[in-house]
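If you're matching them up, the sequences are chains A and B in order.
Following my numbering, the numbering of the first sequence begins with 1 at its first residue and continues without gaps.
Following my numbering, the numbering of the second sequence begins with 1 at its first residue and continues without gaps.
Treat the hints as calculated values from the structure; they're not laboratory data.
Where a beta carbon is used, it is the ideal one built from N, C-alpha and C, also for glycine.
It is possible that part of the hints are untrue.
Here are some of the chain B residues that sit facing chain A, going by a computed Cβ distance under 8 Å [to be verified]: (1) 131; (2) 146; (3) 226; (4) 261; (5) 262.
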Amino acid sequence: MITWEMIVPLIMGFAPTLGFCLLFHVPANHILPAALIGGLGWAAYELWTSTGNNKVIGCFLAACLVGLLSDISARTLKEASTVFSIPGIMPLVPGAGMYYTMLELIKNDFSQAAALGSETLFMAGAIALGLMVVGSVIRIIISIKRKIYST
Amino acid sequence: MDDQNKKPRTISNMQKRALILAVRAGELMMKNGAEVYRVEDTITRICRACHIPYVEVFATTTGVFVTIGSGGEGGDVYTYIKSLDGRTTDLKKISDLNKFSREFTDTDLSVESGIKRLSEIDNAKPYPLPIRLLGAGLVASFFCGIFSGHIIDSLCSFIIGVAGYSLASFLDRYDINYFIRGFTCCGLTTFLALLADSSGACSNYGAIVIGTIMIFVPGVAITNSIRDFLSGDMLAGVARMAEALIIAVSLATGAGIIIAAWNMIGGVAL
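Next comes chain B alone, as it looks inside the complex:
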């Protein structure tokens, strides 16, 4: 205890920069689909590596709050609040950030070069669009196959899945609200599936719709929300559960309204 009291009770400029670095790292992790405990752990570790005696982190899906202090009476206290919006899933970034935090705590990487590394990680692009479209097509066609679609249904599903994902990435460019995104994409794919069905190109529109729903399904939000709940981060758990539910509802209504409308004009029997 004596040792601690002899230390100057101030936060150095380097430590202030470290706070910015830590919050930036936490922000990137949260935005790209990490769980709350991982974010809090990373921020705490980065701050501890810079010999900050007192660190308190509170992270939810919509914001990261970090307070650092020099400890003792009359010490310095600094707080950084960062509110977040827009979430994607980019596992390359999570993996890079994980490596970065380990490297930062194990070696004496300077804070400035750390901040530079973080912006490099942030600027990394996802796979080019054609490859992602291929991925979406694979998901749609094989799920169509799993739910008893024939080969020809799977082929239709591949094309329709690609169309749906193209619309999704087009909407992403304009920062469209995620309910509308799920709704319109699922609506489009259902419409195309019904069109293909009634034109006689394929025979099982249900399997095609399931296949294309799987592209947009909120699997990450569901698993992360339960993980957050069970690790005691109730607020983040509730927020993510709400997100997952809203996405699921948007997909179901998108498909449902189109099928109901198609049914009403007599195109298909339910």
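Only chain A is shown next, with the shape it has when bound in the complex:
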């Protein structure tokens, strides 16, 4: 069931991804799918973290979704998958984590800064890992498919 709580994060992810598409010069006819992928990724992240789940795992799962959707649209639209995945993961990049880490450093609260900083770092790593895992799984599936069809 689709509720208002699910639509709002979709829009909140869609609009900034659209902005990143304009900044990164995504080809004009592919802006809409790219922005939609970003919106879906952000909505997945919000859905996961709204119940108080771990942010790092949320980033990982959302990045997996972005990677999968990017690959699907790259194949259907005959395009490099980075055109969709780079704007798609941008909303997940922990800019807020960077800001809060810096704020704790100014307050001289180093243990809090270390905790937030390492969480930020892990979130960044989780995004890349999510993309990577999906990419590898897809590569394995394709090579298995090719083997089956060739024999």
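Assemble the complex: chain A is given as a structure, and chain B must be docked to it using the hints.
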């Protein structure tokens, strides 16, 4: 093997031009935000399409090294080294280059027209500045909204984001070092956010600062660096990770110094 030895052990002029073409294509891809394995793959494919028997590619974020050889004993060997500087993210160029490499390997496009196509791709301009400013404003205002800013904060964030991005594109015109770029842009946006906050125009400067930080966040460098690491290109991975860290630190210090200074003169409580 006999077949290979009967071939003349020289590299033809056409193949030398193909080497230049391949390095140019790799250079453009690397400069516009492609991963190392994609660059190496493209260069190898272009060279193979021109029937060069031996190709070795080594690419990092700061240079592309390609050696082609005719194979066999006493054969010709040519190396092309191209050092790179300045990186942006232009996905239109990546997409065009991807199409170009596929077209070049699948059809018999001549090397000369390939080189012409590459310079056409390179000369393509990004979206005009007003549209990019709109993009920056969208990013800033919606991230401000996500981090619990009100509508009025988002509006302030839109304007401040546009101001920050204008400064960034102004600095880009003069090839300013990217640490200074991140530092000054983030410093400016933080200053404007604090100004707006203390003048009573908005109530949540933190959300505005987060929104404007998101415009400059090194997301491409982070993801590409981990991809490079995991595909075994350690050198490129380290280089990109360093780039991402330096940009992140420049943004945080830019915002941090301004907030600390503002705090010192008693303008705001942390």
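Original post:
Taking each numbered hint in turn, which are not upheld by the structure, reported in ascending numerical order?
Top reply: 4 and 5
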